[in-house]
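Q: With the numbering used here, the residue at position 264 of the sequence shown is 341, and numbering never jumps.
None of these hints come from the bench; they were simulated from the model.
Ideal Cβ positions, reconstructed from N, Cα and C, are used throughout, including at glycine.
Be careful, since some hints might not be right.
[Said to hold, decoys possible] Okay, the calculated beta carbon distance ranges per label pair:
no. : residue 1 : residue 2 : range
1   : E306      : I512      : 33 to 39 angstroms
2   : D545      : P402      : 20 to 26 angstroms
3   : R542      : R472      : 21 to 27 angstroms
4   : E427      : P598      : 57 to 63 angstroms
5   : R554      : E308      : 29 to 35 angstroms
6   : A474      : P189      : 21 to 27 angstroms
7   : R403      : E306      : 51 to 57 angstroms
8   : V468      : A579      : 45 to 51 angstroms
[Stated by the list, open to error] Below, a list of computed lysine to any residue pairs in the SDA-like style, where the Cα atoms sit at most 20 angstroms apart:
no. : residue 1 : residue 2
9   : K169      : P158
10  : K169      : Q520
11  : K593      : V468
12  : K169      : E522
13  : K169      : H456
14  : K597      : D460
15  : K593      : Q394
16  : K597      : Y290
17  : K593      : G397
18  : K593      : H456
19  : K104      : L114
20  : K597      : P164
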Amino acid sequence: MSPSENFPYPTRPPRSSPESRRGAPPKPRQESAPGMLIDRDQEIETRAGRTVQADVYRPESGEPAGVLIAWSPYGKHDPAPIGQIYPTSGAKPEWMSDLTTFEGPDPVFWVPRGYALVIADIPGTWYAKGPASYASPEEAEDFADLIEWAGTQPWSNGRVGLTGVSYLTVAQWRVAGLTPPHLAAINPWEGWSDTYREVARHGGIPETSFWPYIWERWGASTGAIEDLEREDREHPFYDDFWASKAADLEAITVPAFVVASWTDQGLHTRGTLEGFRRISSPQKWLYVHGAKKWAEYYRPEMVEMQAQFFDHFLLAQPSGLESWPRVRLELRERYGVGSFVDSADWPLPEVEYRALHLDAATGAMSHDPVSAEATASYHGLGDPFQPERVVFEHRFADAVDVVGHARAILHVEAPEASDMDIFVGLFKRDVHGEIVPFAYYAQFEDGPAALGWLRASHREVDPERSTDYLPVLAHRRALPLEEAHPTRVEIEILPSGTRFAAGESLVFVVQGHDIKHYPKPLVYARHETDINRGPQILHTGGRYDAQLVIPIRGA
Numbered sequence: 078m079s080p081s082e083n084f085p086y087p088t089r090p091p092r093s094s095p096e097s098r099r100g101a102p103p104k105p106r107q108e109s110a111p112g113m114l115i116d117r118d119q120e121i122e123t124r125a126g127r128t129v130q131a132d133v134y135r136p137e138s139g140e141p142a143g144v145l146i147a148w149s150p151y152g153k154h155d156p157a158p159i160g161q162i163y164p165t166s167g168a169k170p171e172w173m174s175d176l177t178t179f180e181g182p183d184p185v186f187w188v189p190r191g192y193a194l195v196i197a198d199i200p201g202t203w204y205a206k207g208p209a210s211y212a213s214p215e216e217a218e219d220f221a222d223l224i225e226w227a228g229t230q231p232w233s234n235g236r237v238g239l240t241g242v243s244y245l246t247v248a249q250w251r252v253a254g255l256t257p258p259h260l261a262a263i264n265p266w267e268g269w270s271d272t273y274r275e276v277a278r279h280g281g282i283p284e285t286s287f288w289p290y291i292w293e294r295w296g297a298s299t300g301a302i303e304d305l306e307r308e309d310r311e312h313p314f315y316d317d318f319w320a321s322k323a324a325d326l327e328a329i330t331v332p333a334f335v336v337a338s339w340t341d342q343g344l345h346t347r348g349t350l351e352g353f354r355r356i357s358s359p360q361k362w363l364y365v366h367g368a369k370k371w372a373e374y375y376r377p378e379m380v381e382m383q384a385q386f387f388d389h390f391l392l393a394q395p396s397g398l399e400s401w402p403r404v405r406l407e408l409r410e411r412y413g414v415g416s417f418v419d420s421a422d423w424p425l426p427e428v429e430y431r432a433l434h435l436d437a438a439t440g441a442m443s444h445d446p447v448s449a450e451a452t453a454s455y456h457g458l459g460d461p462f463q464p465e466r467v468v469f470e471h472r473f474a475d476a477v478d479v480v481g482h483a484r485a486i487l488h489v490e491a492p493e494a495s496d497m498d499i500f501v502g503l504f505k506r507d508v509h510g511e512i513v514p515f516a517y518y519a520q521f522e523d524g525p526a527a528l529g530w531l532r533a534s535h536r537e538v539d540p541e542r543s544t545d546y547l548p549v550l551a552h553r554r555a556l557p558l559e560e561a562h563p564t565r566v567e568i569e570i571l572p573s574g575t576r577f578a579a580g581e582s583l584v585f586v587v588q589g590h591d592i593k594h595y596p597k598p599l600v601y602a603r604h605e606t607d608i609n610r611g612p613q614i615l616h617t618g619g620r621y622d623a624q625l626v627i628p629i630r631g632a
């Protein structure tokens, strides 16, 4: 039976050919570079009959090495270097050699240190035999087969680690849950773990920019690929299909060094932090920064941290890992400025969740409930660059840190519609009245502190998965807005870490479309909503106690 006969997903022809994206047919061979041997175009067959195409970089001494695998759909020949396609990423050319592939490790750093690197084209992409599937159980099994292959080669010391950013981390979450015997350590570096909630449907709202764009980036092949576009259209709710695209985080027990950022709102922030919180690994560390993800992965100081971690678990060398705090995270003051604090766990156990009560009459948020009812409204659509919005503000009398999960409890109505898309954002205003900028989506430098979204018909919460601080939506059915009175909704606001000085303010924005807008073709989380109609009304005070619940560390 061929692999395609047992394939559980609809397929389509490839979106592009490897040749159109600088690919060349496989030609197995050995090359050399200073201090290393390179085995090009190695074909490894998986249990399902699919294949992986890999380049292996290893020490020329032939001594058994710790193995690092980068599992990628983007092309081991690096057809789209970060600096070319994302020139504002902050990843400096001098931080990586010409052998570095997109979002993966640099052989010039790792091989002299005693590592073999396996840079893999996943099954069904480029010249590897498929069909291709993405973030699937089948792909995870193929990945596990590659781990076991790498762990038993003559040039391997039998200990395999996983590295790489974004999709290269999405795959780590999936395969680590299978516990392949030779897997010794993982370094998830900003990758979603629940495709539906964190990428394809933010709060139930279809994402219309990154998600369709990434299908194209994954779509180079010589054969059939999974038809993600059709699946996305046919599965509007969280069903068994989308469950197959979510990682079994609790099954992960391998040592893990998890790196997240506050800045990948709408892509990797939520999934990476949920990954750390939910994995069962007895040995796990979390590092959260406020910069751009690719720049941090390649920044020399961070590469040294990666090496400390892998030296310990793959080379059994003293590394100073025993001095690491379990959690280290950055509290941002503004773009490029922040300071780090250590803690015992995530979410921070020292955080206190405080409710700020919204007053539509004054635009204020206060610790005391608001007795008088009031309303504020905005048009659900309009000019995205000059949006109608409702703004609430709270000035801090003392210095505080807002760090962790926030949530909004709103009472809303849309008199001309049975549903509505709600977009919320948190900003910082300094003592001079200026909005403070932060890094955002790995490219931008004028972003918010945090974002949240909700399609009101998806407001039903999953009680088994939710916590006191994190409302997790069920996404199982559509519930129209209630008639004759406002509808209560609860909106998850993605985790953030922001430092406020005395006299600075937290600004809460509510509107009917994306909080941030940049001109096309720039890629970030967009939601070109098609359900908003007419005015959208917020009710506050009295019977409609609208709240913003924030995590406070400090005063």
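Q: Give a verdict on every hint.
A: Here is what the structure says about each hint:
| no. | hint | verdict |
| --- | --- | --- |
| 1 | E306 with I512: 33 to 39 angstroms | 37 angstroms, holds |
| 2 | D545 with P402: 20 to 26 angstroms | 25 angstroms, holds |
| 3 | R542 with R472: 21 to 27 angstroms | 35 angstroms, violated |
| 4 | E427 with P598: 57 to 63 angstroms | 43 angstroms, violated |
| 5 | R554 with E308: 29 to 35 angstroms | 19 angstroms, violated |
| 6 | A474 with P189: 21 to 27 angstroms | 55 angstroms, violated |
| 7 | R403 with E306: 51 to 57 angstroms | 41 angstroms, violated |
| 8 | V468 with A579: 45 to 51 angstroms | 22 angstroms, violated |
| 9 | K169 with P158 | 12 angstroms, holds |
| 10 | K169 with Q520 | 13 angstroms, holds |
| 11 | K593 with V468 | 15 angstroms, holds |
| 12 | K169 with E522 | 16 angstroms, holds |
| 13 | K169 with H456 | 43 angstroms, violated |
| 14 | K597 with D460 | 15 angstroms, holds |
| 15 | K593 with Q394 | 46 angstroms, violated |
| 16 | K597 with Y290 | 12 angstroms, holds |
| 17 | K593 with G397 | 42 angstroms, violated |
| 18 | K593 with H456 | 17 angstroms, holds |
| 19 | K104 with L114 | 16 angstroms, holds |
| 20 | K597 with P164 | 15 angstroms, holds |
When each numbered hint is compared with the structure, violations occur for hints 3, 4, 5, 6, 7, 8, 13, 15 and 17.
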